[in-house]
Each structure stands twice: as C-alpha cells, then as structure tokens.
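Peer 1: Here's the letter readout for the chains.
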Amino acid sequence: MTDVSLGMPQLPAPDYPAEVRERLDADAREIIGRYPDSRSALLPLLHLVQSEEGHVTRTGIRFCAETLDLTTAEVTAVATFYTMYRRKPSGDYQVGVCTNTLCAVLGGDEIFEELQQHLSVGNGGTTDDGKVTLEHIECNAACDFAPVVMVNWEFFDNQTVESAKKLVDDLRAGREVTPTRGAPLCDFRQTSRILAGFPDERPGAVEASGGAGPASLAGLRLAKGEEQPATRVVSPRAETVPGVDLPADDQAPESHPSSHDAPRKTSDSDPSHPAGPVSEEDR
Amino acid sequence: MMTTESPEKLLSPVLSAFWDDPRSWTLETYLRHDGYQGLRKALAMAPDDVIAYVKDAGLRGRGGAGFPTGMKWQFIPQGDDKPHYLVVNADESEPGTCKDIPLLFANPHSLIEGMIIACHAIRSNHAFIYLRGEVVPVLRRLHEAVREAYAAGYLGKDALGPGKDLEITVHAGAGAYICGEETALLDSLEGRRGQPRLRPPFPAVAGLYACPTVVNNVESIASVPALMNKGKDWFRSMGSEKSPGFTLYSLSGHVARPGQYEAPLGITLRQLLEMSGGMRPGHRLKFWTPGGSSTPLLTDEHLDVPLDYEGVGAAGSMLGTKALQCFDETTCVVRAVTRWTEFYAHESCGKCTPCREGTYWLVQLMRDIEAGKGRMSDIDKIDDIADNINGKSFCALGDGAASPIFSSLKYFRDEYEQHITGRGCPFDPARSTVWADSGDGTDNAHPEVKA
Chain C
1 MTDVSLGMPQ
11 LPAPDYPAEV
21 RERLDADARE
31 IIGRYPDSRS
41 ALLPLLHLVQ
51 SEEGHVTRTG
61 IRFCAETLDL
71 TTAEVTAVAT
81 FYTMYRRKPS
91 GDYQVGVCTN
101 TLCAVLGGDE
111 IFEELQQHLS
121 VGNGGTTDDG
131 KVTLEHIECN
141 AACDFAPVVM
151 VNWEFFDNQT
161 VESAKKLVDD
171 LRAGREVTPT
181 RGAPLCDFRQ
191 TSRILAGFPD
201 ERPGAVEASG
211 GAGPASLAGL
221 RLAKGEEQPA
231 TRVVSPRAET
241 VPGVDLPADD
251 QAPESHPSSH
261 DAPRKTSDSD
271 PSHPAGPVSE
281 EDR
Chain P
1 MMTTESPEKL
11 LSPVLSAFWD
21 DPRSWTLETY
31 LRHDGYQGLR
41 KALAMAPDDV
51 IAYVKDAGLR
61 GRGGAGFPTG
71 MKWQFIPQGD
81 DKPHYLVVNA
91 DESEPGTCKD
101 IPLLFANPHS
111 LIEGMIIACH
121 AIRSNHAFIY
131 LRGEVVPVLR
141 RLHEAVREAY
151 AAGYLGKDAL
161 GPGKDLEITV
171 HAGAGAYICG
181 EETALLDSLE
191 GRRGQPRLRP
201 PFPAVAGLYA
211 CPTVVNNVES
221 IASVPALMNK
231 GKDWFRSMGS
241 EKSPGFTLYS
251 LSGHVARPGQ
261 YEAPLGITLR
271 QLLEMSGGMR
281 PGHRLKFWTP
291 GGSSTPLLTD
301 EHLDVPLDYE
311 GVGAAGSMLG
321 TKALQCFDET
331 TCVVRAVTRW
341 TEFYAHESCG
351 KCTPCREGTY
361 WLVQLMRDIE
371 AGKGRMSDID
381 KIDDIADNIN
391 GKSFCALGDG
401 AASPIFSSLK
411 YFRDEYEQHI
421 TGRGCPFDPA
431 RSTVWADSGD
441 GTDNAHPEVK
451 A
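Order-wise, the sequence lines are chains C and P.
For the first sequence, counting from 1, position 114 maps to 114 in the numbering used here; every step adds exactly one.
For the second sequence, counting from 1, position 378 maps to 378 in the numbering used here; every step adds exactly one.
Hints were generated in silico from the structure; no laboratory data involved.
Wrong hints could be hidden among the right ones.
Stated by the list, open to error - Here are the computed distance ranges between Cβ atoms for each label pair:
no., chain 1, residue 1, chain 2, residue 2, range
1, P, D165, C, E30, 12 to 20 Å
2, P, G350, C, E22, 34 to 42 Å
3, C, P36, P, H33, 32 to 40 Å
4, P, R23, C, R175, 24 to 32 Å
5, C, S163, P, G313, 39 to 47 Å
6, C, L11, P, T421, 53 to 61 Å
7, P, T421, C, S120, 56 to 64 Å
8, P, D368, C, P14, 45 to 53 Å
9, P, G422, C, P36, 55 to 63 Å
10, P, R23, C, L11, 48 to 56 Å
11, P, D158, C, M8, 58 to 66 Å
12, C, D69, P, E241, 50 to 58 Å
What the hints assert, rightly or not - Computed footprint of chain P on chain C, listed as stretches where at least three residues anywhere in the stretch have a Cβ under 8 Å from a Cβ of chain P:
no., region
13, 8–22
14, 130–141
15, 147–153
Yeah, the Cβ is synthetic: ideal placement off N, Cα and C, and Gly gets one too.
Make a model of the complete structure from these sequences and hints.
Peer 2: Quick look at the structure:
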C-alpha cells in the first residue's frame, strides 16, 4: 500500500497453482449454490481466500472476480470495506482487545496498552514470530463479560492484564489455549474456512465450553431461586455501600474521584491514532 | 421506592428458560422444552391468520426501533409472483448490546423455529441469517442447529407443507457495524459494500434482490414460537398494553452482577439493580444507556423509568436494544462519549456527508476536550455539529452518533467545562477498571455478590 507507483500499470495478479484453484473452485461452487444470486457469495468467498493464504491477496481478489464475473475493482471495493478482511500477511492468531467504551472503561484500555508493550507491536502489528496480530476491536456483543478479548473470534471473557499477557504468551509458545466461550483455538486460516460457511468438523467443537456462559445465566438463576437476591437492599442512588456484603478483608474504596488535575497520558482516547480514524486504512 | 417483589415474580425467563441445561443448544433439549410446538400450531393456521395473530399479540421489534412485527409481515405483497425473503438481522453490534449472541449460542433453535413460522406467514421459501462474522462460537452452533433442523425435516423439502420447501442459509458478515442497518445489511448480503439504501422503496416492497423482504431482529423472531405455543393472551399478560411481552435486558458495566435478565417489558433499572446486587460495592450509578450507545444517556434520576417503548421514550431516550450499560462515579463521561464518537466515526460508511464528515470532526474536538486542550466554544461547536448530523443522513447511524453528545451535554455539561478550565481530565481511569478495588490490580475476579 505504501509502494511508490512509477507510472507502470500493475501486472495482473498470478493465479493460484492448478491444484489449489481446483480445490477452491469446488468450494466456491458449493458456496454459490447457497444463494439465489451468485454475487451474494462474495463475502464468504473472501473469507475462503483468507483461509487459503491468511489474508486477502491480489490473487484471491482475482479468484473472486473470475468466479463471480466481477471486476477486480468491484471485489477490491468490497474487500476494503469490511474490517475482518486482512490486507497484509498477519499472524496465526488475531488477538482483538475490545476498547469500545464499556470494555475500555472496565479495563480494556489498560489491557490493550500493556499488550502492545508486552508484544512490542502497535495496533495491527504482528509479532516477529508471525504468531500474534494485535488490534483493538469494537463492541463484540459480550458486554456482560467485560473486559473482553477475542482470539480468532472466540471469546475470552472477563480478562485482566495478567490473563491477557498469559494468553498471548501461550499462543506464541504453542500451548493449547481454551476460550471461555468457544472451541479450542484453531489458526486464523481454519477460522476463516468456518466463516466461509463450512462447519467446523473437529469432534467436540460445537459442544466446547458448554451451554451459556455464567453471566448469561445471571437472571435465570435469580428467577429460579438458585441465587439469592441482594440481602440488604439499598437504593443504588444511595451514597452508602449498596446491598452487597464486602468480604471482610476488602477495603471499601474512597468515595471521591481522583483529584489529579494534570492531563493524563492514559486518558488520551487513542494515543496510537493521533491522525484520526481515516488513517485506519493503512494500519 | 423500595421493591418488595421477589426476582421469581419480577423475572420471566422464556427464551432463556433452559440456558442452564448442559446441552441447551441441541434439538433434543429444545424438544424437551416445548420446542417446535408453536410451529405445529402455526402450520395448522392459514398464513394470514398467523400474521394477524402475531399482530394481535402486539409483539414489537426487539432490535431497537420497536416496530410491530406482525405489521412488518403484513406489508409483504401477496400474489405478486416474486420470491419473498426473510432475513434475520443477527449483526448485533450496537455498543452495549449483548442479547442475541448469548441467545443464539445457548438456544439457536428458538430462532430457527421462529423463522419457519415467519416464512409460512409471509410465504417465503428461502430465509437468511445474517450473523456478524466476529462470533465464531455462535456460527458453529447455528451451522449445527440448521443441520439438525434439516435432518429432522423442519427444513428442506415440503417443510411448510406439500410442495412448499424451505431453505435457510447462514451467512457470516465480515465486520461492519453499519450492516446492522437493514438496508445496508441487504446490500451486504447481495455481496456489496454495506451502505444504506434510500427509502422508499422499503424492503417489504423491494428488499433482497429487489424482492419483497422482511428483515427482523433475532430476538423478535425467536419470541414468536413461545407466543404461538402459549397464546397471545399469555403473551399479553406480561408488559403493558402498548409494550406487551417479555424481553432480554442486558445488564453490564459497574454492576455487581452483570448478565442477561429476561423480564416483562416495563421493569425498571432500579428493580433490576436491587435484585442483582446493585452497583459494585462502594460505588453509585452515574449514567447509563437504556438500549445501547445510540440511545440518549440517562442518569440516576431515571432509575424508576419503566423500561418499555413508551416509558423510555417519555424520559427522552429510547428503549433500543435494552442494553443497560451502567457506569459509576469513577467514570469520566467525556472519555465515554469520546470513545463512542470514535466508534461512530470508524463505522460511518461514508455515504452521507453529514455523518462522514461530522463524526470525523466530532472526534477531533472530543479528543481535544478530553485531553484538556479544548476551548469553551468547542462545547457549543460539538453541539452544533451533532445537530448537523442528526436526522440529516440516510440511516440512523448519524442520529446515534449525535445521541451521546446531546445527552451528555444535557446532564453533564459541567464536566465538559471542568475538562477545559482544569486543562485536563479530572478522573483517574485506573479507578474505573474491574480490578480497581481489588487491591494489587492482579486479582482477576469480577466482583461477585456474596449474598
């Protein structure tokens, strides 16, 4: 993307090797068969080419265009619109830290900050060993499990700085990592194949991590009388401690906000993006 | 006002009733809990009668706008010789919203049964589930549930009766909040950039492939089987005249027990907090969203607002997706709004100038204010920019971007001023984290209620 153009038009992308092409053609036919109109297969096909090469290459774009009778420009326009399509070689594990407001406030900002330092990469960067690509992500519909980290789009709920560091260390060391909700991790290419609409065939993958996560059951447990409601009911508006018994060894925090008045480094919303959101295209 | 009712009386688990079953997502479990009984009743009725029944029950859309579901179905022209499509919006991405994803993870068959009923009603032979791509565990279970439904004959050949087949396609998106907007979703499902369409024509007339299309939220459709099975009177026994039924409330943020709470429409945040242990120990509620970041913020003045379409509307906000994000007094409202604004700028599809440009400039100004580099005149400027976005674009993303600005200025203008006069943020973000009160910052336990 940063290549300087010398006025020569880019040569057409090379095609896949014949045996790869044959395999992908068969997959593509199956995907197209799910839709009344072939163009609807474009998003799944882009996931499919990511499952082949780990990101959307020019070859992948050419394949989608030829398969669906579109121009490469039309395919590129779509591929660049959606954030899940990677546009450069990236790691086996896509680690996304939610830094939308709720997760950020509850600790996501600190987790993202610490992981960047721990891995010596910035937003969108990949570790030297090619294992981990780190990015901050938007709300992933798991706010009751905040702060949330996603790895290859499996849920790692209720994370802390320490648990997130251990997570990426384990990923880099090749140790087995199990999400709190989801199946034992497969690499990014295998994940992309599931996204292209090919069910995960690994035994136990659908069952993994059981029914609902604990937070999902909070209301049900109360409704069934399995958990007692708050014992001392105090209005949440009250200044005093609400109806929750603190463990005896837990100090109640001071009730006033910090009175530091100097600008703080960590309150800067997104220090890695000084130029604003339009520069995201180049990450 | 103190609540004396027990949670058993205040809550009404229907969709979530058996999420604690060890294999809650399977067809076998679903059948043990009245699964596919509503479908049996619906298929015995004429399609128009099903539409009338759902309309009479008063089910309203659970995706944010609250449009009556039966009425949406009724708009589909009949006898037009075009294919009709049902598209389920499972692109749940509104910040704070986290109900459809756990629902599909734990109980995907409720959606599939609801889809079959809806397809019978609108005379559709092909339905789609547009699931956001970033939730692979849910995608797995949808693949499996659809496979099971085909194997059991609920889908496929003659599913809706002799000669009436039904196909369901599970489609994974690729990361774009805007695709939760129904016309952008349709463009995306057609293999294009997800950009909203000008309406009219509405999807009911020219939707997917320019054919009559119903686009419904997951929870709306998943609520239909229970409604059909237990009856509209049962459904109407919950909630209010205009907002009947049950729904999933998602409690998150600085609360003692975040999670899903399924209750009749009209429960209050106070009731939900009281039964669930309130805010985290030692803290109090500062501001909250009733239905995601696009719904105007409310404060502790609004704890007794009935959480139904009319109640929240009367309080100056919207029920939205019932995503109750609660923030305590350690949270800087300017920081919160800045981050949401960055989100809207990132997700603006770029089609309409007011939204594309306005959200960009809002981010610049909000970052300055938050960093203590703003001027007093910037406060009026963000208000003015938000006013120039609100209602001036094709879709509601721009309106959503304006909401946190307007509402935070309404309730917390002094906090903006503090950032400017104090040349910085008066809050310590470390105190807002879930581990802030645990001592050394390494304790990874979410504050649990010891009751």
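Peer 1: Each hint needs a verdict: does it hold in this structure or not?
Peer 2: A quick look at each hint next to the structure:
1. D165/P <-> E30/C: 12 to 20 Å: holds (19 Å)
2. G350/P <-> E22/C: 34 to 42 Å: Holds - the Cβ-Cβ distance for G350/P and E22/C, about 38 Å, lies within 34 to 42 Å.
3. P36/C <-> H33/P: 32 to 40 Å: Between P36/C and H33/P, where Cβ atoms are some 34 Å apart, the hint holds.
4. R23/P <-> R175/C: 24 to 32 Å: holds (28 Å)
5. S163/C <-> G313/P: 39 to 47 Å: holds (41 Å)
6. L11/C <-> T421/P: 53 to 61 Å: For L11/C and T421/P the Cβ distance comes to about 60 Å; the hint holds.
7. T421/P <-> S120/C: 56 to 64 Å: violated (39 Å)
8. D368/P <-> P14/C: 45 to 53 Å: Given about 48 Å between the Cβ atoms, the range holds.
9. G422/P <-> P36/C: 55 to 63 Å: Holds - the Cβ-Cβ distance for G422/P and P36/C, about 60 Å, lies within 55 to 63 Å.
10. R23/P <-> L11/C: 48 to 56 Å: holds (54 Å)
11. D158/P <-> M8/C: 58 to 66 Å: holds (59 Å)
12. D69/C <-> E241/P: 50 to 58 Å: At roughly 54 Å between Cβ atoms, E241/P and D69/C fall inside 50 to 58 Å, so the hint holds.
13. 8–22: Three-residue rule not met by the region 8–22 of chain C, so violated; n is 0.
14. 130–141: holds (count 5)
15. 147–153: holds (count 4)
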